[in-house]
Amino acid sequence: MENIHIEGSHTNFFIPTVDFNSETGYCLLEGESFLEDTIEFYDPLIQWLEEFTTEVKNPLTFEIKLTYFNTSTSRSILDLLNIIKDYEEDGGEVLINWYYDEDDIDMEEDIEDYMLDTGLEIEMIPFED
Amino acid sequence: MATINKKLSLGQSLFSEEIRISYKGPVDGKIITYLGDYIGVVNTLSEKATKKLFKIFFELAENISKYSSEKIKLKNGKEVGAGTIILKETVKNFILVTGNPIKNEHLIPVLENSKNINELDHSELREYKRSVRRENKDENHSPNIGLITVALTSGNPLDLEINPIDEKTSYFSISVKVDK
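Going down the list, the protein sequences come from chains F and W.
With the working numbering as the guide, the letters of the first sequence map in order to residues 1 to 129.
With the working numbering as the guide, the letters of the second sequence map in order to residues 1001 to 1180.
In short, the hints are calculated from the structure, not lab data.
This one's a predicted model, so the numbers in the text were calculated from it and none came from an experiment.
Glycine included, every Cβ here is placed at the ideal spot set by N, Cα and C.
Some clues are possibly wrong.
One-sided excerpt, in silico: chain W residues whose CB lies under 8 Å from chain F [unchecked claim]:
| no. | residue |
| --- | --- |
| 1 | 1024 |
| 2 | 1025 |
| 3 | 1033 |
| 4 | 1035 |
| 5 | 1153 |
With a Cα cut of at most 25 Å, we get these calculated SDA-like pairs of lysine to any residue [what the hints assert, rightly or not]:
| no. | chain 1 | residue 1 | chain 2 | residue 2 |
| --- | --- | --- | --- | --- |
| 6 | W | 1115 | F | 65 |
| 7 | W | 1030 | F | 63 |
| 8 | W | 1048 | F | 26 |
| 9 | W | 1092 | W | 1037 |
| 10 | F | 65 | W | 1092 |
| 11 | W | 1048 | F | 50 |
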């Protein structure tokens, strides 16, 4: 299974940095997400995660360090987290860390809402901007 | 048209100190990211308020890009929605106003959604946003999750105005306050 690495950028659109590693089970989504075609960008990540959780089945550490994401992206994040929840329910070992700016109350609420939606335990880690 | 001008505070106040950003034209990714970054430059808000303004701006600008019935073809062949974006500053708050023509078939779900939004308190809005996101319906025919996000982020009601242009199209403008 191939790893995914996408270098983030902040130009005409905001592309997040993606680092999905099948050998270590470490997955990172970092930066800002405002994309020309959100589904086109996130579909391969969703497929990768489905393959990892159904075939590789190693412990998974999923880290989110997004400082901004639009509502289109928020749907795709929910899809990713739902896959992780299914994996956890099937006995997969899962750790989710979500880093957020301590001043960003909206982001804090977003994370709480994702926990309610998915039933996942997400480690909320505030940082100073 | 007079109402639209009033809404957008065009006319005399266009060149006053109140206007921080004024843009009319095609709204593509390049413009959205450029103006979005500029929001951080033109205001002296706290980091917290700047983040709110930034988020609201992106959602409203994306709505113009997606739903404006006025399409402009760019050099690269891509058609994008066009509209007006104004950022005004008052003593107590920033006011972001966007306006664009919209097909009435797109307007109806927006109006129904906005009525709901303005009747809900903060925790009810969070629940509403979660339920809309969960359902993940066709964006053209389901409540606009972007507007729910705007209301949640702003903490103030959405101020909407609709002026019919013809049988199929209306001019839609929305004004959102962000407290300083």
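Structure-based check of all given hints:
1. 1024: violated, 20 Å
2. 1025: With Cβ-Cβ at 16 Å, over 8 Å, it is violated.
3. 1033: It holds, given that the least Cβ distance between residue 1033/W and chain F is near 6 Å, below 8 Å.
4. 1035: Status violated, d = 12 Å.
5. 1153: holds, 5 Å
6. 1115/W to 65/F: Violated - the C-alpha atoms of residue 65/F and residue 1115/W are around 34 Å apart, more than 25 Å.
7. 1030/W to 63/F: Violated, at about 29 Å.
8. 1048/W to 26/F: This hinted pair is violated, its Cα atoms lying about 31 Å apart.
9. 1092/W to 1037/W: Since the Cα atoms of residue 1092/W and residue 1037/W sit roughly 22 Å apart, the hinted pair holds (cutoff 25 Å).
10. 65/F to 1092/W: Distance of about 32 Å is beyond 25 Å: violated.
11. 1048/W to 50/F: violated, 36 Å
Hint compliance for this structure: hints 1, 2, 4, 6, 7, 8, 10 and 11 are not met, and every other hint is.
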